[in-house]
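There are 2 protein chains.
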Amino acid sequence: MQTKYLAKIFVTLRPSVLDPAGVAVQSGLQQMGYDNVENVRIGKYIELTITTSDETKARQDLERICDQMLSNPVIENYRFDLIEVETQTGVF
Amino acid sequence: MQTKYLAKIFVTLRPSVLDPAGVAVQSGLQQMGYDNVENVRIGKYIELTITTSDETKARQDLERICDQMLSNPVIENYRFDLIEVETQTGVF
Numbered sequence: 048m049q050t051k052y053l054a055k056i057f058v059t060l061r062p063s064v065l066d067p068a069g070v071a072v073q074s075g076l077q078q079m080g081y082d083n084v085e086n087v088r089i090g091k092y093i094e095l096t097i098t099t100s101d102e103t104k105a106r107q108d109l110e111r112i113c114d115q116m117l118s119n120p121v122i123e124n125y126r127f128d129l130i131e132v133e134t135q136t137g138v139f
Numbered sequence: 048m049q050t051k052y053l054a055k056i057f058v059t060l061r062p063s064v065l066d067p068a069g070v071a072v073q074s075g076l077q078q079m080g081y082d083n084v085e086n087v088r089i090g091k092y093i094e095l096t097i098t099t100s101d102e103t104k105a106r107q108d109l110e111r112i113c114d115q116m117l118s119n120p121v122i123e124n125y126r127f128d129l130i131e132v133e134t135q136t137g138v139f
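Protein chains in written order, with our numbering: chain D, 48 to 139; chain B, 48 to 139.
Keep in mind that the hints were calculated from the coordinates and are not lab data. Values in this document were obtained by computation on a predicted structure and should not be read as measured data. Each hint should be verified, as a subset may be incorrect.
Identical copies carry no separate label here, and so any pair may be met within one copy or between two of them.
Claimed, not checked - Listed below are the simulated DSBU-like cross-link pairs for lysine-lysine, each with C-alpha atoms no more than 35 angstroms apart in a straight line:
1) K51 with K104
2) K104 with K55
3) K104 with K91
Pulled out of the complex, with its shape left as it was, chain D reads as follows (with noise of 0.2 angstroms):
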């Protein structure tokens, strides 16, 4: 039996890391006169679906894929969230 698992995750700088972008913005944003927006920092989210025999499997390889492939880990924090959208079961 295979299920589908939709994951929402979050890459994040982490806090300790200056985010040039988010400064970009909230300079922008003060120009065009929000002056009460502070503290932007812009990271990733990305959305994909993960087939696998059970959640555990799921999110042993989505820990794989995100230090692997999706976040950097020397300045970025992760986090997910995986939903469960379809079980098929029968020979794959």
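Guided by the hints, dock chain B onto chain D, whose structure is given.
Showing chain B alone in chain D's frame:
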């Protein structure tokens, strides 16, 4: 009285728009052996704090900020969550 809100903003490509970065990531993952991953879509995740008189004003400001600065409404959708983090009284 002024309230500070933490906004968590998700900017995603509209479903009808091709995502070349997502295709590249999926192709890379397949070469790494993850052929159980599909439908990779890459978006932006932005956190910021906004200080306003009330939540309605915060939502109005954020919608303008998303439309004018954080997203390209032609090809992207956005949504955001607001979390109240601090209420301040007195003169500003």
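Hints versus structure:
1. K51 with K104: within (12 angstroms within a copy, 40 angstroms between copies)
2. K104 with K55: Cα proximity of K104 and K55: in one copy and across copies (16 angstroms, 29 angstroms).
3. K104 with K91: both (23 angstroms within a copy, 27 angstroms between copies)
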